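Enquirer: This note's numbering numbers the first residue of the sequence shown as 14 and each following residue consecutively.
Hints may be right or wrong, so weigh each one.
Claimed, not checked - Simulated DEER-style distance windows between Cβ atoms:
1. A127 - N88: 27 to 33 Å
2. K113 - K134: 19 to 25 Å
3. I47 - A127: 50 to 56 Å
4. G135 - R110: 49 to 55 Å
Everything labelled a hint here was simulated from the structure, so no lab data went into it.
All of these numbers come straight from a predicted model, not from anything done at the bench.
Note that the Cβ used here is the ideal one computed from N, Cα and C, for glycine as well.
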Amino acid sequence: MRSPISCVMVIIITSFCLTMPVLAKTDWQVRQKIQLEQAPTDMLVSANSKWIYILTSDGQILIYAARGQLKDSINVGPDVNQIKAGPRDDILFLLSREKKTVRVITIEFTEEIATRGSPAKGPSDAPVTVAVFSDFQ
Numbered sequence: 014m015r016s017p018i019s020c021v022m023v024i025i026i027t028s029f030c031l032t033m034p035v036l037a038k039t040d041w042q043v044r045q046k047i048q049l050e051q052a053p054t055d056m057l058v059s060a061n062s063k064w065i066y067i068l069t070s071d072g073q074i075l076i077y078a079a080r081g082q083l084k085d086s087i088n089v090g091p092d093v094n095q096i097k098a099g100p101r102d103d104i105l106f107l108l109s110r111e112k113k114t115v116r117v118i119t120i121e122f123t124e125e126i127a128t129r130g131s132p133a134k135g136p137s138d139a140p141v142t143v144a145v146f147s148d149f150q
């Protein structure tokens, strides 16, 4: 007959072995590195993963394409401490602890389209150019 102490010891040892964490090997690699001139304060990635927004210590939001190319920057002021994603990709929340404010901003991207040498109607120096994209396959 087994003693109650030996049964308790078996239960304790078994429960210890069952609750022991299992360590797995984790491999990682650096895919890209973005070198900044100012220290980063905060960052976020847009919901569609197209844009990376980096808030720097001097109050700039640097806007990078997902592949790491700097597309533009916005001067929001050195009082902004944190940036948060909005409900849509074009909305950002700017938080300032110092001023106790939250600013909601919208971002609109404008792309330049090279039209020089393309077929056109009307004067070449017109203030507006309407580009029509069509595929004649």
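Enquirer: Does the Cβ distance between A127 and N88 fall inside 27 to 33 Å?
Expert: holds (28 Å)
Enquirer: Just tell me: holds or violated, for the beta carbon distance of I47 and A127 against 50 to 56 Å?
Expert: violated (27 Å)
Enquirer: Against the range 49 to 55 Å, how does the distance between the Cβ atoms of G135 and R110 compare: consistent or not?
Expert: holds (53 Å)
Enquirer: Honestly, do K113 and K134 meet the 19 to 25 Å range at C-beta?
Expert: violated (55 Å)
Hint check: violations occur at hints 2 and 3; the rest are consistent with the structure.
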